[in-house]
Amino acid sequence: MAEKKGLLKRLAEGQIWTSIFRGGGVPQSRRQRMMVVLNSVFLHLHPVRLPKHAVKLKFTWCMGGLSFFLFLIETISGILLMFYYRPTIEYAYPDIIDLAEQVPFGIMREVHRWGAHAMVITVWLHMFRVFMTGSYKPPREFNWSIGVILLLLTLLLSFTGYLLPWDQLAIWAITVGSNMARATPFLGHEGPGAALLAIGDINFVTVASDVRFALIGGRFLGEATLLRFYVLHCIGLPFIIMIFMSVHFWRIRKDGGISTPV
Amino acid sequence: MPDANKKKTATIKPVSPPPAALSQADDNTQVTRRSFFSWLSLGWLAFVAATGGFFTMMLRFFFPNVLFEPVQTFRAGYPEDYEAGEVDLRWKAKYATWIIRNDEGIYALSTTCTHLGCTPNWLVAEQKFKCPCHGSGFRKTGINFEGPAPRPLERFRIVLADDGQIVIDKTKKYQQEKGQWGDPEAFLKV
Amino acid sequence: MINQQERYYNILKLNKWFAISSILFTLIWVLTFANDFNRPWKKYQIQFRQMEIEKTRADIATANQNLESDETFTALKVQLEAAQNKVESRQDEIKIIQKNIQKLEANVYAKNQIYQFAKADMDVAKYNYEEAQHGLGNLNSAKKEFDNLSLQAASGKIEVETVERKIEIANNELKGIRQSLKEANDAIGSISREKDLLARKLTKIDPEAMSFSNKLANIVRDVPVLDFIDPYYKVKQVVIKDIEDDMIYMGVPKVDRCMTCHMGIDQKGFEDAPQPYSTHPNLELYLGTNSPHPMNEYGCTSCHAGRGRGTDFISSAHSPDNEEMAIRWAGELNWHRLHHWDTPMLPMKYVEASCLKCHAGSIPVKESPNLALGMTIVEKGGCFGCHQIDGFESTPKPGPGLRKIATKTTKEFAFKWIYEPRSFRENTWMPHFFKQMNSQDSESLIRTDQEIHAIVTYLFNRSTEFKMERMPNKGNADNGRMLVNSLGCLGCHLTEGEELAEVKSVNSIRREHGPNLIKLGSKTNQRWIYNWISDPQRYHPATKMPNLRLSKQEAADISSYLISQRDSNFDKQIVPAVDEIELDKIVTDFLGSTLRKEEVKARLAGMNLDQKLNYTGGKLIRQYGCYSCHDIGGFEDAKPIGTPLTTEASKLISKLDFGYFHDKLPHTKWDWFRQKVDSPRSFDMIPQEDYTYKMKVKNPLEKLRMPHFGLNEQELDAIVTVIMGWVKDEIPSTKLPVSDARNLAIAAGEKLITQYNCQGCHSIDGDGAAILPTVASWLEEIADETTAEDNSLVLSFAPPMLDTEGKKVQPDWLFKFFKNPTMIRPNLQVRMPSFTMISDNDWNTIIKYFQLKDGQTNPYENPHSIAKNSTTYRAGEVIQDMGACNNCHFYGDQKPKQAALSWGPNLALTKERLRPEWVVDWFRDPQMIMPGTKMPAPYIPTDEPLASVRETWGNDVAKLHSDPEKLLEALRDYNWGISGPIDVSAIVKAHLASEGYGFVIEDDDWGDDDW
Amino acid sequence: MEGFKHLIDSLTKPTILVTFTFIIFFFLFPPSDWFDKWHRRLRFNALWGKKALLIINVLLVAFFIFGLGDPDFRAIVLKPDNVPISGLIFLVFFFTWLSMNQAYKNDELVEAGKPVDEHYDAPNDKVLVWPDLVYVEFICLILFSAFMMVWSIGLAAPLEEPANPSESPNPSKAPWYFLGLQEMLVYFDPWMAGVVLPSLIIVGLMAIPYMDNNPEGSGYYSYKDRKLSIAMFMFGWLVLWVLLIVIGTFLRGPNWNFFGPFEYWDSHKLEALTNVNLSEFIYVKLFNTGLPGNILLREIWGLLIILGYFMILPPLLAKTWLKDMYLKMGVARYSVFIVLIITALTLPIKMYLRWMFNLKYIIAIPEYFFNF
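Residue numbers (numbering that gives the first Met the number 0), protein chains in the order written: chain A, 0 to 261; chain B, 0 to 189; chain C, 0 to 1010; chain D, 0 to 371.
Excised from the complex, chain A in its bound form (with noise of 0.2 angstroms):
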């Protein structure tokens, strides 16, 4: 005699639902719900078990969580802001002030402020954690370098993305910022060993050929600028990011998950 079974567990149980999700129905016993986990391209990002304090908020923090899903956030709010924003000198302040005046749910654009800095904090906490509880220890060390590099390109995002709105605040915080780049040690035009790199009358490190130049695309602040920077905080740094952040997460499932006392 045939169980009256509900709407959603026939759903569950049939073609379209199992065909999609490996394993299908309602994971109930210890297998299934160990299929879910390997069964599913996201998910399996976990082992299919953890030791218990791993689950602990209060050991993790969920900070590494929190800022891989501040990066979704980011990437999100960032794919429809460019719907909106163009990075010229001429757009880029006025469409700026579209998105608060008129675009619909133009708060993306404060999600995606907010959230920038968020992330920088919630990477600074992810990697203090790790240090107190020591684990950059082998066989991990490798993955804490990863981890600083991913330290290093988030600050890099969110500092090109300083500049995109193209005010007062953006421009000086760049110039402040990117003018350290002119006393980079034999590749910045004031910086130390530059003027040896010359021959007779000819200066090779200059202030269109040294490293700044090479990042703002310019002498001083401009539209080469704004392109460059936009692109290099939508495409380039992302791109980046994204193939050590993968390294990352693989080498914590090959290091052995999380880490545990010994």
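Read the hints as simulated data drawn from the structure, not as lab findings.
Don't take each hint at face value.
Said to hold, decoys possible - With a straight-line Cα cutoff of 27 angstroms, these simulated DSSO-like cross-link-like pairs (lysine-lysine) come out:
1) C/Lys165 with B/Lys188
2) A/Lys51 with D/Lys104
3) B/Lys188 with C/Lys181
Said to hold, decoys possible - Rough simulated footprint, nothing fancy, chain A against chain D, three-plus residues with beta-carbon under 8 angstroms:
4) 80-90
5) 122-130
6) 138-150
7) 190-198
8) 218-229
All values derive from a computational prediction rather than experimental measurement.
Here a beta-carbon is modelled for each residue, glycine too, at the ideal position from N, C-alpha and C.
Given chain A, work out where chains B, C and D should sit, using these hints.
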């Protein structure tokens, strides 16, 4: 690494022998160290060179062949166009620069007051620059002597071009309080 | 043994393949770098550098030679050596001083540091004190601290200054020792400065003149990859923010890189260099930093068009001048037209087109002769009649009014004229509508006859009454010819025996302003001519022909002369009869365009022949747009029939239908326009292999109908130039000529002056006076050849030049004169006509033109007052007496002493006519104001000793003797005192009748020396 | 009230604040047994108890609420981009407390011979990821998303006047997370503060796992076993990083002058900033001669000092004070470690040299942009 962390996996031996197409050749070839190194190292060398080419291209790509920046350097005519002891106002409006000649040579002063960035006026009778905003006063040399201005006016880089014209480069500034006025390019000896 | 390694390929082979593919990849990278490095413009820069080096070397050589031959230079060299020796001998002394200075400087450094610290502390204390006064902190302690630190700082400063003073003294001592050396060096420096600069330049460009490290740098800076740092060879460009390239959706600031290859374009000294290196002509007008069009602000493509960002011969869209050049370019430079770019460079012959973008209001005739000629053609040929063109809204129709045609001519003449106008008058502006490419077949020819009959019938049916006055007598043709030659008719008309100018110019066309006065016998009747020239406005109120105030006898004589010639060939042409069957076809065509077939039939049946002709005539006049140029009854509100041309050259080229000529014509706008103007109907045709044409299938009403103007090559160039200038570019006001009151007045005045052909007779700023050659030939006829060759004499019989008119005459007087011209120079035969059709407003515009052109802004003049008993006036009297002004000038009705040939204006006219300031200028140097004038500068005794002046010239002159200006003013004031009748025409007439001009035949030296 | 504000203003002066921090820091985070003894004697360990958390949090909140009544404090704290930094202060304190609290707890457990809190019996103590972890994460994300939306609704992102390159705001500040670097610019030339030191920070961070060869304390919070490394990390993180950012954000005003949190940002405020270089000290003050024209001769003293600092000090330390460490780490580790450490130490050293002797540069070769 603690043993506990080791995964226990069984090694399953292949049932059928592996494809043998080249295995014999592989076995029979005496891998001489020399040939091995020469081809492989040559390959890697070339590959590294090509990759180097790629990165060089990347690097060069970031330096366009022309710039679209507003002109910050300008030609200010010949030294003879300037009279000793005079403050020349002809470039004030267009390039925010005073050109002043004294007995020794010529220097270019920025017209930006060091207090809050207003533009002072040259008062011939009193021989001083006077800022209309808050009354800062500067001597002909650019040294501040009255009013709230915290430091002397800045000087611009001044050199002679090939054709003998004066070239003023506003991207390079010299500040007296940093002792930069002694720089040979802060003052054009005539 | 089982192969445990699970291998498939031989690893060595793979290694080999890896090596090979990597090497290949590396080579490809090398290729990529080479490809990027090899830019088309580099070879031009290398070549130009070589040229520059050679030129600089040559310049240095010349400068050296000049120096060596300069004696001061050699002297200075000796002086320098002596100074050097002197300084050398005092070396010990110098060393001691220098050591002392060094010590002092260390001292000053330390002291200054102490002072700086004290001062900084004082500044802080000062701030704190101020803050304390503001209520923050303890006022007393702050003040105490401030006072304390102020004292410290002050004393520190004094200490510093004391030592500084010492240093200054020591330095002065040093300076004193080296004084002579410095002086010698400075002197040599200033004398050899040019050479030094050249030598300096050479070290920058010539590797041979470089130091070793610079030579190395010279190579390194241009190697691939490193060439971003400070390359010698680089793309040059100007960015012009406010001139925009039209990118359809929006304008983008113009970027021109032409100077990347055209490197000598703004440098003097490469005038004769081959392209692309040569200097731009006329740097004072174009490109130069002080010119009105500096390169940094106008760029290149603003005028030349093309693709400014291109750095390659082809990608920058160069355009050849002609087919031959195109072939040569294709051979030498692989040139082909740049597709996908709508504004290729203008060929040099059309380049003046771009002047029109900004100078439409006032075309600089001398700088752009081609464009000016083209604009004249547009106006005379009446292009603006059929084509709407901005700026011509108020220009009157160029053709004669036809409302009273029946009194002027016959139907027969009208038929033959319309059929082929140039068979009667070769230079007529009336174009050919018939017997054109697309209407030459026999069928069309038959139709043509009927069409012209219809038009003529329509015009004559509409013709209204013109009451003609009777002539006093038949008139004297010889007399008439003399009058035509002397009165000034030739300023606007050509007469029998004159040849058309070979090279057309704006000035030559001025003489074609009105129709030729040739063979009028075949066209009209004497009575009409008599009535017409007596008062042209009575026949045609809007005519531009002025009234010459002819007496009845003069009018009769002239008409007798003009009617005397006939064109026998023209007379012989036969007018075909009206063919009603053919006519019916035309009527059917027109009716059929709006009615159904049966209705057409019914209507046709209801019309008689005259009605048919009349109906068709009206339709045809609309079809061909005759009313565009002629005033025709019934077409008062008709709209132009042609394409508007205001922005024609900005049309996309795809909008120009090349038809079957796409292979025959170069695919450019200018070639299309040229073809269209040269052979307007050709786009109805299909060209054949054997250079004949076949027709497209078209119904007669659909055929192209633009008429043929028979322009020559030069005129075609000119007209295409104008069309290419009609663009929609938006020019920012900063780049336009200043639109101030002066320029606006000049533009408005020039329009009227062109319209009424003032420059047919008058020269203004070196342009005009087209009549001058005819004055000379008239003089030759009444006197002799020598007289005719004497420029000043010809000028004295020619209409006056108006260069300084605004400064010269009082505006009130000028207005009165325009309204009612009176005699000024008594000997003149040419007559200033009465332009009765010009309104007061327009006269004022013209007056304003003259005034503002000369910088006169006051519309009224303060009367200049004089005192007859003043020294000045009396001195003036003496000067005029000694100068014998009355030899040539009337003093009221008092006749001049000399013969009529040299007569000048009546001086009684001066005070109401001339401006006092101008008169003084005039006295100072008449030749300066009016080159070639016979008026001598009045003699004033400034160079004579005072005593002799007092003796011969009297006390009054002697008083003013030291100041020549005062003396001239005295003479001027005297002139202001001369009174008497102004109109002396009766006296002059009587005198000329009895004594003639008194030409001094065969005496070249007549004139100036006697003064 | 005003008196309290003045007190805070003067306490936050960099000389006082930094010195105070330096002195107290190692008693809060004892790097060695000696410090640990005092740490406990001074009862600083109570700081990581629950009561302390409550008290300090209440004090911090009270301070902020009190501060917000002051217009100058409000102006700087409520600047939109500074809000996260206020948050950072709370977060850093909270998480420091949290980790230290757990660490002390674990230390006690270890001492008592019990397993640490994080100990688990593999594989028995394992839990399934689905649904436990996934669910917790899911809830976390939802809450965090909600928080982000509230934050975004409540606080508008800043947008100032359109960019104007000719009108620089006073002060011009880099993005807040770089303000530590900008603070270093006061004491170092840009090539050090902006390039070398940041690079060393990155390298140093990456090198931590390779420097720290102490196998203890992996996978759980602990302090006792890792005293030195945690104390050093905390110093770098809390003092050289967070503290400098807080100073740079809240306490640096116009002309990069120092302003207390309750002080008005007066752009006319002056500080005596006249400084001298070592060469001037030696030649002008000591020898009373002018500066030599030869650069090498002029700067030889500074060069010698710096060379000595970097070349002689490390081996000297290895032989003496840090002998144990040297033996434990080996040559390579020790060299890298010590160079990083003494480079980091140049910052406080230069700070104090500046404050005490107005010393600007030890080596000053502006001709080649080489100042140290």
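Distance restraint between A/Lys51 and D/Lys104, which requires alpha-carbon spacing of 27 angstroms or less: 18 angstroms, holds
Whether chain A covers the region 80-90 of chain D (at least 3 residues having a Cβ closer than 8 angstroms to its Cβ atoms): holds (count 5)
Restraint status (C-alpha distance of B/Lys188 to C/Lys181 at most 27 angstroms): Given pair B/Lys188, C/Lys181 holds - Cα atoms ~13 angstroms apart, limit 27 angstroms.
Satisfaction of hint between B/Lys188 and C/Lys165, Cα-Cα up to 27 angstroms: At roughly 24 angstroms apart (the allowed maximum being 27 angstroms), B/Lys188 and C/Lys165 satisfy the hint.
Verdict on chain A covering the region 138-150 of chain D, criterion of 3 CB contacts below 8 angstroms: holds (count 7)
Coverage of the region 218-229 of chain D by chain A, judged on three or more residues with CB within 8 angstroms: It holds, with 6 qualifying residues against the three required.
Coverage assertion for the region 190-198 of chain D with respect to chain A, Cβ distance below 8 angstroms, three residues required: holds (count 5)
8 angstroms C-beta criterion, at least three residues: is the region 122-130 of chain D covered by chain A: holds (count 8)
When the structure is compared with the earlier hints, no violation turns up for any of them.
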